[in-house]
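Chain by chain, the residues run as shown.
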Amino acid sequence: MDKEQLSTEFELARPQLKSYILRITASVEDMEDIVQDTYVKAFTKIHTFRGDSSVKTWIFTIASNLAKDNLRAKKRWTENVTDICREKALANPNYFSEIMHIQQTSQQANFEIKEHINFCLTCISKSLPLEQQICILLKEVHDFKVLEIAEILDITEAMVKYYLHTARGKMVTIFDGRCALINKKGTCHQCSELNGIFNPKQNFEEEKNKIAFAKNADNPDKQHLLDLRLEVVKSIDPFNSNGSDLQLHHLEHNRKIMENISEKKS
Amino acid sequence: MTNLASNGKAVTIKKTFSRETEVSIDIQADKSILWALLTNANDYPRWNTTIISIDGNIAQGEKIKLKSTLDPKREFKLSVKEFEPDNRLVWGDAMGKRIYTLKTIGNELTNFSMSEKIGGPMFPLFSKMIPPFDQSFEQFANDLKKEAELIQNTKL
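Chain order of the listed sequences is A and B.
265 is the number that numbering that gives the first Met the number 0 gives to position 266 of the first sequence; each next residue is one higher, with no gaps.
68 is the number that numbering that gives the first Met the number 0 gives to position 69 of the second sequence; each next residue is one higher, with no gaps.
Among the clues, some could well be false.
No more than 16 Å apart at the CA atoms, straight line, and that leaves these computed lysine to aspartate or glutamate pairs for EDC-like [said to hold, decoys possible]: (1) Lys169/A to Glu19/B; (2) Lys184/A to Asp217/A; (3) Lys80/B to Glu61/B; (4) Lys113/A to Glu205/A; (5) Lys73/A to Asp29/A; (6) Lys62/B to Glu19/B; (7) Lys154/B to Asp226/A; (8) Lys17/A to Asp32/A; (9) Lys127/B to Glu19/B; (10) Lys154/B to Asp142/A; (11) Lys154/B to Glu156/A.
Calculated directly from the structure, the hints in this document are not laboratory data.
Extracted from the complex, chain A is given alone in its bound form (with noise of 0.2 Å):
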């Protein structure tokens, strides 16, 4: 492979590279310095490449590397996430007046259920042991096979079906207890709140039943559930959508919550 071989992959991996890297580390900033220094190892590296695998596959295998050096002395979030982001937020006397910020000065500012649902997976997913996180973005977002992520994470094609295995049933356990717009027992109702506040207008229960997962809440099969939302996240650029703006400051906002609580922790 030459240099402009490598250039040309580069850029076509790109913009999933972008979403991988933050849906990881749930910051744009590392996503920004992760990717380039992806881009700066592959190139020293080139020379490395055997094309045992696609250059894409070893894009990501740098990328999840340097993701994992990043996140090796960081805490994973809680389960509860949304919920202890959501009383800072709402214990924020600024942090309304930085939405409707946003919202004046962003063509990309709309909240749309099917992004928060995307936002709120990325949260969630950040609960799961790191590997576990990794294989289930991969192969259910990313649509990597079972071998290619073997290959990425330089572990066994076993294991990477024991990390998806557990990841999506931890996935299922959690959404079932929480999530409203499965379980009218949910525990957690963000997205019907800020619907309310951001879409006055809009009739939420017509909007959710747009969405594949809600419309079929009464499935007994949670597995397929979960399919369904991850369906929805894959169908999401988060730095492309109505709504990019605003969720990635919901997202920073939730990491440095997060951060904070685990350095008052340690």
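Since the structure of chain A is already known, use the hints to place chain B on it.
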């Protein structure tokens, strides 16, 4: 113990100063899946109906705290004495040790065996207070088999 059948049936040998229980079962899964299940402490309660909780990190030299359905009021403080990835795990305390071994016996086919020997000079004084392990061992082995085969056979 030798000549133990790999059918998931536990066997106990009682002696004056010791008691040893062992179970062996063949599992249609790669042994790295079994190893992952056996060494992820906080994942145990999800798949193993004999374990209430394990706190700590299952790794060489580490200490763990285990609660079992066999004696729910008791917390066992154990040391991980041997940790040979994908092959052998041993943990225990002064009373005894539990040994887990994994052997590949075919294509994605693993033999799992688990044994525990308890005893000592004072064993005859308290042996009757320790419940039999057979049913718990059989349940453990079958839970492991069920979960590992489910993971192995998941279509992805």
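Hint-by-hint comparison with the structure:
no.: 1; hint: Lys169/A to Glu19/B; result: violated, 36 Å
no.: 2; hint: Lys184/A to Asp217/A; result: holds, 12 Å
no.: 3; hint: Lys80/B to Glu61/B; result: holds, 8 Å
no.: 4; hint: Lys113/A to Glu205/A; result: holds, 13 Å
no.: 5; hint: Lys73/A to Asp29/A; result: holds, 13 Å
no.: 6; hint: Lys62/B to Glu19/B; result: violated, 23 Å
no.: 7; hint: Lys154/B to Asp226/A; result: holds, 14 Å
no.: 8; hint: Lys17/A to Asp32/A; result: holds, 10 Å
no.: 9; hint: Lys127/B to Glu19/B; result: holds, 14 Å
no.: 10; hint: Lys154/B to Asp142/A; result: holds, 14 Å
no.: 11; hint: Lys154/B to Glu156/A; result: holds, 12 Å
Violated hints for the displayed structure, listed by number in ascending order: 1, 6.
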